[in-house]
Amino acid sequence: MTAPAARRSLPILREGTSAYLKVDPDGFRAYVRDNKQRALTPRLMSAREAVERFVADGDYLAYECNYLMRGPNELVHEIIRQEKKQLWAAGKFTYVDVALLVDAGCVSRADCGFFLSSPPIDRALREGRLEVFEYSNVIMTTRLQAGAMGIPFLPVRSFGGTDGFDHSGAKLITDPYTGDPITIVPALNPDVAIIHVHQADVYGNARVFGTGISDVESALASRKVIISAEEIIETDDIRAKPGATSIPYYAVDAVVHSPHGSYPGTCPGYYGSDPEVVFEIFRAIMTDQVQAYLDKWVRPFATFAEMLNERVGAAKLEAMTAREVAKDGYSA
Amino acid sequence: MTAPAARRSLPILREGTSAYLKVDPDGFRAYVRDNKQRALTPRLMSAREAVERFVADGDYLAYECNYLMRGPNELVHEIIRQEKKQLWAAGKFTYVDVALLVDAGCVSRADCGFFLSSPPIDRALREGRLEVFEYSNVIMTTRLQAGAMGIPFLPVRSFGGTDGFDHSGAKLITDPYTGDPITIVPALNPDVAIIHVHQADVYGNARVFGTGISDVESALASRKVIISAEEIIETDDIRAKPGATSIPYYAVDAVVHSPHGSYPGTCPGYYGSDPEVVFEIFRAIMTDQVQAYLDKWVRPFATFAEMLNERVGAAKLEAMTAREVAKDGYSA
Amino acid sequence: MTRAEAFSEREVAMCTVAHLVENGRTYWAAGGGTPLYSVLLGQKLYAPDAQYITEDGVVAPEPLLPFEPMMTMVASRAVHHALLWGTMNSAGLHAQLGHMDYGVLNTLQVDQHGNINSTFLGEYGGSGRRFGGPGGADTIAACCWRTILITDQERRKFVKEVDFISSPGFLDGTPGARERAGLPRDTGPWRVVTPWAMYDYEDRRLRLMARVPWVTVDEILAECEWKPLIAPEVQVIEPPTEEELHLLRTELDVRGQTTDAAGSWITWDGEKYVRA
Amino acid sequence: MTRAEAFSEREVAMCTVAHLVENGRTYWAAGGGTPLYSVLLGQKLYAPDAQYITEDGVVAPEPLLPFEPMMTMVASRAVHHALLWGTMNSAGLHAQLGHMDYGVLNTLQVDQHGNINSTFLGEYGGSGRRFGGPGGADTIAACCWRTILITDQERRKFVKEVDFISSPGFLDGTPGARERAGLPRDTGPWRVVTPWAMYDYEDRRLRLMARVPWVTVDEILAECEWKPLIAPEVQVIEPPTEEELHLLRTELDVRGQTTDAAGSWITWDGEKYVRA
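Residue numbers (numbering that gives the first Met the number 0), protein chains in the order written: chain A, 0 to 331; chain B, 0 to 331; chain C, 0 to 275; chain D, 0 to 275.
Don't read these hints as lab results, they were simulated from the structure.
Mixed in with the good hints there might be a few duds.
So the derived label-pair ranges between C-beta atoms look like this [as the list claims (entries may be wrong)]:
#, chain 1, residue 1, chain 2, residue 2, range
1, B, Ala18, D, Glu122, 15 to 25 Å
2, B, Thr320, C, Gly175, 53 to 63 Å
3, D, Arg204, B, Val324, 44 to 54 Å
4, A, Ala314, B, Ser330, 33 to 43 Å
5, C, Glu270, A, Ala314, 53 to 63 Å
6, B, Ala18, A, Lys84, 23 to 33 Å
7, D, Glu61, B, Ser330, 11 to 21 Å
8, D, Gly255, B, Glu126, 33 to 43 Å
9, D, Glu61, A, Asp287, 13 to 23 Å
10, A, Asp287, C, Val253, 25 to 35 Å
In silico contact screen, one side only, chain B against chain C (beta carbon under 7 Å); selected entries [claimed, not checked]:
#, residue
11, Asn204
12, Arg238
13, Pro299
Nothing here was measured: the structure is a model prediction, and the numbers come from that model.
Built from N, CA and C at the ideal position, the CB exists for glycine as well.
Model the full assembly from the supplied sequences, consistent with the hints where possible.
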């Protein structure tokens, strides 16, 4: 080892000044070592049990896609039902979700990529019940990607020069290779991720068909991972097409069988959305009637299946499935 | 924009001192803008034309997998036949390939992850015809990943403390997020990548079945990309299963139809290797008889197909196909 | 092409952007709605080999039209028969690599240097009003070679300095400001399109370059809180055609979610177009 | 289990490593050959829920045995019926995240602090001899929680300081040396296994902890250029059983490529094992 001693240093040209989830790759590794199951032990459980065991008050929560499109909606309902508190939400590529969770009393901090500006958000900000930190959709998924790589930060070619940068955890440094300024953003390792997928086995080997935002990155970056799946399939089926596996079992803590789990949204290739109920949630948020929505769709039911059964009905669910006609590509 | 002026700087704790391919993300972007075809124009051509047009003397060359396993062997033969000079090879997860290309007079520099130490390498080093720079397999694919992300470097949790580090382009800096030392490695954007795949359409939308080293990263990181494919399929087939596409057309400059293009190696799921010829190349290298190998297998033939036809024969190729019995998962 | 008898202002803006769409170029359309419809309109009528990419990493789909309500991304009809299904990260990375020629965005507020606000009106953190945030627009505005912005022609939308830079234009307008902030070289705002006008940039400052026939330059300037530069010769924008409107109304924005959202209607009175 | 009558030294090393394989743990096996056969042997006989990962990102395959010659990775029989097919980068990243419990390597040369040389014998750049380079071993030695090294018991392989650190052990042996070099916390060398002996580490220094019955401690030390520490009680390693050898020879290393490569044969003379 004869390299010369360092003579140089890299100036930090600019730094965002907002709070961000602590960056701790070694702490994450130690958590993985001590808590993640590398054994092939079944981890199938109910949504209730999964949320009780793996979502704690104060957790940083990542969810994949959003309430209207392959959202983990059974798990979102269960978080609301269990009245989790002080969650910090990864508000990337989200729409109604942040407002819903804020008004339900679950979320008090949000990293913003995009979410629907609306009366519940405005009230919460005014009343000091919500803090927002500024990013963008891609910067948030980049942070998750860094988290999924086990590294403390990633360089990016966007975000520099924005006011979001100043209200974030980003830094502008001098790239030691080119001498040019380069933005770096802190890795994000959420405490818990909730992810809805098309298929999974009981160990958590999971398949997503179609596009996504950052399903794989969220699963690998998060300390605790709950997968909800439309279908539970045999591990032999997983093994027959290993190229179709998106998420490996060792990243996953709980698997929930959740047919129609994205209702009222779509699970692409499996079923379309329920447009009138999609519009109902949108309208509830824009008219500040989230509590009424929760009293109708979430709180009266012990489980999501009970809600689907009593409030939606088999005929409507079948119609949503029939309406999903663009099916090419949604299979292993 | 009211963030405080920078007060801090990050010491560079240690730096490798060897030459590495220039890091220039903006130059790469400009090359892409001016040269890559975003139009859906067919780019199917012969191996000869592809190598004539897209491999230049002095280029940094990435190849995916190796001579024995889904190697782009028709393209390797063509590079040897056209007597390309002064190439700089990305010697990751390679075996006989570097020795073959060095002794053929094509390669004079190599970044080492792993390659077979052998008399042709020893002679070339002794005679000053070869320079080697030290990395590891994963560090090389990490560098390609940085190149495929359009960023100048990536942090890694390995490589620090090794003597390879000192003979590389790596740097040890202070992570501004944790305060701990972190290694960063320079992005690699090869001049040209040659990649053998199972299926591609005439535009370069390509599918790899099974595992790989860094097929996608190489394709996205490289200025010029030649794909050789076992099968040319219809674009309608690509569109029927968009989740099966590994490499998008806009990264690809040339598509070569190359059935049995990995001979004498295996193309997993399609055909097994030809063990006696695999052993022949191994023995040729270890006994310093590469020229005899080239005079038998490469130089007498105008094309790879001619070699397959005259020197291997249909019966043997069919037997290789028949011997490939582990077929689960090798389809879209 | 047939003269159209009546159309909305939002339809004018989409048709104007459609005319900018070029064969053989890639378009990264922010979210869904106006940007996506504009690119699809241009592709289907004028530039069949223009390709588009969405925030969820869909490369060159052949969407099954019409879209489901609110579902211009991720949903199966929207991503139908793409060449590749990726993720938000793959879309962002391909843009960082320089594969995206044009970014198409809509926004709340734009300033003299093309900076975009979609986060906050008023002093940030104060008593102003919060909006949705940049979404994908920040990366599009940073990494595509040229950015096309769609907005309405309203005073409060054209300002000297935006209250909050959500997505970067030319920042403070000095040469190299983007590069000093770490953004890729030679990128930036290219056009702003409203129902009344089209703007380009001269020395990184917004410049009025074209107007629709039924609006004067003075009327446009009256709807700019901060006055742009004016090109020596302000060109006249072609009004929408019946063919364009038919496609827009029957296949793209079939429910009028986008086109009904704002603005007046324009009608042909036999001699000229008039604004209702 | 049945006493084996005859086996090779390399077989002894593989069976010794197989005994270390634990249920519910992940093993990243470098390349193919000895490390992979050892893990498979342990999994098939003693730890059915041990899982392994390869450099090409294969998670927990059920390989179709026997392998093709030289094809213990990438080839279809080797990756058969895995739970996930990844890439070299995905394998590296999962290791960086802490999912890999054990790394299993073989090597050319190891020193008192567990540093590994597979690059160069002699002064680097001088007249010495070049070898293949670290391959995947550098990442395995850096990122798995515990590293198991397989090598031969030869003087020149056990040295005070390796000529070139290809893959990191405890570096200079001081507390925190790995962390100061940017490597993940609490990782490092755990065992070295040779056909004669097994070593662990005390205060980051190599320590002889066990020997095979037919070799004495003095004989082992004679085959170490740099003498390791010696445990207060040097244990005796169980010799291979017929069951282990049967599996090794009929399903794993069927062509004897690995086991024939080096070392003497050991036979049972009716009372004890003797080295030929």
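Each hint, compared with the structure:
no.	hint	in the structure
1	B/Ala18 / D/Glu122: 15 to 25 Å	holds (20 Å)
2	B/Thr320 / C/Gly175: 53 to 63 Å	holds (58 Å)
3	D/Arg204 / B/Val324: 44 to 54 Å	holds (49 Å)
4	A/Ala314 / B/Ser330: 33 to 43 Å	holds (37 Å)
5	C/Glu270 / A/Ala314: 53 to 63 Å	holds (56 Å)
6	B/Ala18 / A/Lys84: 23 to 33 Å	violated (56 Å)
7	D/Glu61 / B/Ser330: 11 to 21 Å	holds (19 Å)
8	D/Gly255 / B/Glu126: 33 to 43 Å	holds (37 Å)
9	D/Glu61 / A/Asp287: 13 to 23 Å	violated (56 Å)
10	A/Asp287 / C/Val253: 25 to 35 Å	holds (30 Å)
11	Asn204	holds (5 Å)
12	Arg238	holds (4 Å)
13	Pro299	violated (40 Å)
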